[in-house]
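S.K.: Residue numbers (my numbering), protein chains in the order written: chain F, 155 to 644; chain E, 52 to 536; chain L, 44 to 138.
Honestly, the hints are just simulated from the structure, not real lab data. Where hints are given, some of them may not hold.
[What the hints assert, rightly or not] No more than 30 Å apart at the CA atoms, straight line, and that leaves these computed lysine-lysine pairs for DSS-like:
no.: 1; chain 1: E; residue 1: Lys461; chain 2: L; residue 2: Lys69
no.: 2; chain 1: L; residue 1: Lys69; chain 2: F; residue 2: Lys198
no.: 3; chain 1: L; residue 1: Lys107; chain 2: F; residue 2: Lys266
no.: 4; chain 1: F; residue 1: Lys390; chain 2: F; residue 2: Lys471
Remember, predicted model here, so these are calculated numbers, not experimental data.
Read off the chains here:
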Amino acid sequence: MDEVSKDKDYLINRNGKKYEVIIGLEVHAQVQSESKLFSTSSTKFGAEANTQVSLVDAAFPGMLPVINEFCIKQAIKTGIGLNAKINNKSIFDRKNYFYADLPQGYQISQYKDPIVGEGSVVLDLTSGSKTIGIERLHLEQDAGKSIHDIDPKNTLVDLNRSGVALMEIVSKPDLRSPEEVNEYIKKLRSIMRYLGTCDGNMQEGSLRADVNVSVRKQGEEKYGTRCEIKNVNSIKFMQMSIEHEANRQVDILEEGGKIDQETRLFDTKKNETRSMRSKEDAHDYRYFPDPDLLPLEFDNAYVEKIRKEIPELPDQKKSRFIEKFNLSPYEANILVSDLDTSKYFEEVIKNSDVKLSANWITGELFALLNEKNLEIAESPISAKNLSNLINLIKDGTISGKIAKTVFELMSDGEKNPIDVVKEKDLKQESDPKELEKLIEKVIKENQDKVKEYKSGKEKLFGFFVGQAMKVSGGKANPQLVNEILKKKLK
Amino acid sequence: MSDIINLNLSELVSNIKDKKISSNEVTSIYIERSKKSKHLNSYNEETFDEALRKSKEFDSKPDFNKKLPGIPVAVKDMFCTKNIKTTASSKILNNFVPTYESTVTKNMWDEGAILLGKLNCDEFAMGSSNETSYFGNVISPIDKNLVPGGSSGGSASALAAKLTPTTIGTDTGGSIRQPASFTGTVGLKPTYGSCSRYGIVAFASSLDQAGPITRNVKDSALMLEVMSSFDNKDSTSIDFKRPSYSKDLSKNIKGKKIGIPKEYRVDGMSAEIEKLWENGKNYLKNCGAKIVDISLPHTKFALPTYYIVAPAEASSNLARYDGVKYGFRTEGKNLIDMYEKTRSEGFGDEVKRRIMIGTYVLSSGYYDAYYLKAQKVRRLIKNDFIDAFKKIDAILTPSTPSSAFKIGEKSNDPVSMYLNDIFTVPVNLAGLPGISIPAGLDKKGYPLGLQIIGKAFDEQNILNIAYSMEDKINFKFDVKDWWMK
Amino acid sequence: MSIDLKTVKHISKLSRISLDEEKAKKLEADLNSIFKWIEQLNELNTDKVEPLSSIAETKLRLRKDEIKTKNIRDEVLKNSPNENKDFFVVPKVVE
């Protein structure tokens, strides 16, 4: 396998030719709601098998669907977050097929008339920003879970997940690399978490994707035949599967073969995709409008009311941070992409210097969270306390260096830095008279170095600073030390 | 005592309320008759012991404010009844015991009624003769060689044989009205959305409606009052103010305009049916109504439309019968094998035929030509009615093209069986209310019915028209207990 | 449009109903006679007609987001053909 090109573009080199990779994603995002889309059982993750299953979910004779209004609002909200067209009228269709985890023998979904139409998201890539088109978003039921590895002869079925509301977000085939896929998923997740419409937790299965991959020679306009890789549940696997699949397709084309349009699965152990369904078994879903339901209709006023409830979204927040606080796009991006981080940041800057806050959060705090494997929502140092710490630096009570020590002492949990500084006597020495005394002492004890410095060895300045800090037990105010030393060594 | 059997529902109710008879007396008599009538094969499941217990319970603490106080009722085995086997007359549900109650039957029990048992029907309500049931065909009390009609054959047979004072069925293409017509009883299919479909084994979702089969129109009105309700567990249930159908029942139909659709005069219509219809017109004129000729131009396309739409919906509704969650299962070497064997053995031939039709008309390449086409023609059929109802208040037609046919006569030719529904099917396609009342006998002495079709939610009007006509027709038909052992 | 045996077998696969040769042939005959009769719908020009898919004269009713069904596992599993108290059990899926 040849190397992936190190160009700005993600390309596959083979026999002197360059192939472009075309990727489209169908993301399935579980809607955050109390109850399911068409039934009144709970959607909570992690419950014991079949304890969140209603008679409707298990498709008993005579059971009928009744739609959850909140799920509709969540879908509309998400559509607005994707800058998409909201369709005032949409239809629920039955998608008919047989599977053990599909009790009705059909899934209630939306086929030709989805609730949300075309939209877009903007990605921040290292090469600049790129707009990815959204084709549509529709609501549908999630299926139950089939467990194959408990009983050797049988498959066990848990219907807890059956009927949970899903938003299927279909992108246009605008993605071109694993990096873009990563940013796209992160962006979608970020938007939905901001909106509170999906928690984006891939480990719990609240966010999954089917990946469509095709290749074509660079410069060609026509799309190649695509293959669908189903149910990839982590970004890492998405990237790996794309790389593998794209190379597989290039191999076939280079040998003069044709790509069969098919559905494939990513084998995470072997790191390869394999065919899931042959053409003969291809499903004929026989979509038709669900006669147990009616068309979903709402007016523009309904949508506007929802629009008003929408909080500031990541892109807007980022622009505001850059403009108002003069943060760099890079910093701003980090601070807004996660909702909890942006909340934390905004809490800290209520009372503290913005630049320092940004630095401390993206620097020390993130390092600490990484080390302890915690989310910012679980941070042992609260926004308030971080704010206090930053203020101590700003008002000169402690130096930046000491602050790092205090920070470490705070990292076991919930200590007010003001108390820490007091207890450990870490207040920096900023009295000019005291510092003069101290510095005079240093100068007196190092006359030979003073001579060397005055004769031109300017680097020795650092030595004096170091000595002053040593003598003061690290508490001397570095800025003042510098100023006074400069004066005294003239 | 035997007089109790001859009391109609409304009379039973008032006698019970006046304490002239007890629930236990009534229930006991009906149970006795039912036990002696196994030959008719009307029952799938009997709940006689429980019924007697409940009747005694009622008598010990009677509530005379109820509309069906202590009245025993047997119901079609398409209604899920809590803790009582519900089979849809199919092998695939032959051991299914629901843990829940359908809304329509719950309404009845809430009004004091007592379950006698579950009545036989065509499998999954698919049929017009009750010959497709897994539990064997139902015999009509009219004559041992006759079908009672279908799919609510068990209900019509039990009612006509006086094994139950009243009953309920479901009607998707005529399954209440046609058997009522065949057995000389009154069958009402309400407006789509009037009775909740929650807890009723679904056949064709956009066509199914529950309704009463009774001895007379007044009983029908009382039953509708009890059955019809808004149900928020059914998204197609309509929230409208339901009148007190029985209280507001009136014979005054002066000035009502009754439409006679020319397209219902089908080729080869028998002279008897023509005469029946003509008589009907005269009865109406006698009541002071006006007869108006109307046209429902797309009538002849109703049956083929129905036989696309109903099987399509059924093929999807019956996909849940897969042996996984409940019902019959045959072991298979893998999941697909299990599905195929279970459904092949669990469903009868007519059901399989309809599932295949339905799957085909929805399948890739055929959806536009069949299903979509049928939905468009359905719109045209509905529009025909909307246009006609601008000038008239109700429509009069025969209920069936003939009286009851012989057992086995049509069971080999699906299309000829389907033609039974020719007058009833358009009403389901348009979602309108329709009632069949016995209006005469054919030359063999078998009952014939006339159908009155009304505007959506205008049941009161068609009940009134039926009530007036019933009075004038004065239909008398004695069913002798020839089958009793 | 006539239906051949191959189509009958394909439809039976889609519907998950197994058919032996004899039954398949009978169905082929039945379906053909039924569809021949249904063909008369082609007499009508419906190009400009809106399909009617919902006959209920009302709007889709929207429900509040409330949990009304708690744990009813026993009830839900009560009618299943297996003895398993926690799961539905089916033969292994061949993937």
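S.K.: Taking the hints in turn, state whether each one holds.
M.R.: Going through the hints against the structure:
1. Proposed proximity of E:Lys461 and L:Lys69 is supported: the alpha carbons are some 16 Å apart, at most 30 Å.
2. A C-alpha spacing of about 50 Å is found between L:Lys69 and F:Lys198, which places the hinted pair above 30 Å, so the restraint is violated.
3. With a C-alpha separation of about 26 Å, the suggested pair L:Lys107 and F:Lys266 falls inside the 30 Å cut-off, and the hint holds.
4. At most 30 Å may separate the alpha-carbon atoms for a hinted pair to count; F:Lys390 and F:Lys471 meet this at roughly 28 Å.
Violated hint: 2 only; the structure is consistent with all others.
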